[in-house]
Amino acid sequence: MNLQKDMIEPLSDARDAPRDSVWGRIQREARIAVRDEPLLGALIHAGLLHHATFEAALAYRFSLKLASREMSEQILREIADDAFARSPELSAAAQADLLAVYDRDPATHRLMQPILFFKGYQALQSYRIGHWLWQQGRRDMAYFVQMRCSEAFGVDIHPAARIGTGVMIDHAHSIVIGETAVVGDDVSMLHSVTLGGTGKEDGDRHPKIGNGVMIGAGAKVLGNIHVGHHSRIAAGSVVLAEVPPCKTVAGVPARIVGDAGCSEPSNTMNQLLGYNDLF
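FYI, full-length UniProt numbering numbers position 91 of the sequence shown as 91, with every residue one higher than the one before it.
Take the hints with a grain of salt, since some may be wrong.
Quick list of simulated restraints, FRET-style, between CB atoms [what the hints assert, rightly or not]:
no., residue 1, residue 2, range
1, I75, Q135, 30 to 36 Å
2, L39, G137, 43 to 49 Å
3, E70, Q135, 20 to 26 Å
4, G251, R69, 43 to 49 Å
5, G203, R138, 39 to 45 Å
6, L39, G203, 21 to 27 Å
7, L64, L39, 16 to 22 Å
With a cut-off of at most 30 Å between alpha-carbon atoms, the simulated DSS-like pairs for lysine-lysine come out as follows [said to hold, decoys possible]:
no., residue 1, residue 2
8, K119, K65
9, K247, K208
10, K208, K119
Keep in mind that the hints were calculated from the coordinates and are not lab data. Everything numeric in this text was worked out from a predicted model, so none of it was measured. The beta-carbon is built from N, C-alpha and C at its ideal position, and this holds for glycine as well.
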């Protein structure tokens, strides 16, 4: 039991929670946090309590973190506000990602934490705005967002990559996801993951990750290969070949060492391989 999570009335079902209840919960958490840590009052008010909506808070965080001498916070805020207004699916994806982090990361005790403090969540939402710009044909601006995301968070996701919802990138240091990569829904990955190509060939050259896959820390998946739904990639593995659904792969190069261990490895986040998986 996570006692800190239980201190605030839990959502009845995080996956089905309406957006207003999630934002209301975040606002309640923020008020408690200001009471308990007054020195963070300015940060929490500016980041959460000052805003009327979840989308406005995300747009503020995006613009604050990615602004630079080359691109003002005001311009980036206008871009984010426009994206959320014109594409409601961006907000739905951001909420699904937020609940995924809350459900799967035992270090996440409140919904407000990823928005304010977790670079994996912030980087993923920055990618989503960059991807929206890419789809609008604003490719140079999308590249700028990619560059600033890499500089600010150490997460380099090409804006043309396609990423589903309910995704958690935990710790999120040194993440690389290439141009033609596809990541399904409900995927979890840890730090130092690469979804890359195998050379300088053009065209479709990056991995396709199925739904519900768990990718361990330091894993590299290279080339236009498919990783089947609900599979598990062990930490430090180098995957160069197709992975069937519901299997665990490990090693350099990776090989199948057993079943995934459960129907939803990305939710259970079990990264331990048993003795029988290895021998």
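Results for each hint:
| no. | hint | in the structure |
| --- | --- | --- |
| 1 | I75 <-> Q135: 30 to 36 Å | 19 Å, violated |
| 2 | L39 <-> G137: 43 to 49 Å | 45 Å, holds |
| 3 | E70 <-> Q135: 20 to 26 Å | 23 Å, holds |
| 4 | G251 <-> R69: 43 to 49 Å | 46 Å, holds |
| 5 | G203 <-> R138: 39 to 45 Å | 23 Å, violated |
| 6 | L39 <-> G203: 21 to 27 Å | 53 Å, violated |
| 7 | L64 <-> L39: 16 to 22 Å | 19 Å, holds |
| 8 | K119 <-> K65 | 10 Å, holds |
| 9 | K247 <-> K208 | 15 Å, holds |
| 10 | K208 <-> K119 | 24 Å, holds |
In this structure, the earlier hints numbered 1, 5, 6 are contradicted, and the remaining ones agree with it.
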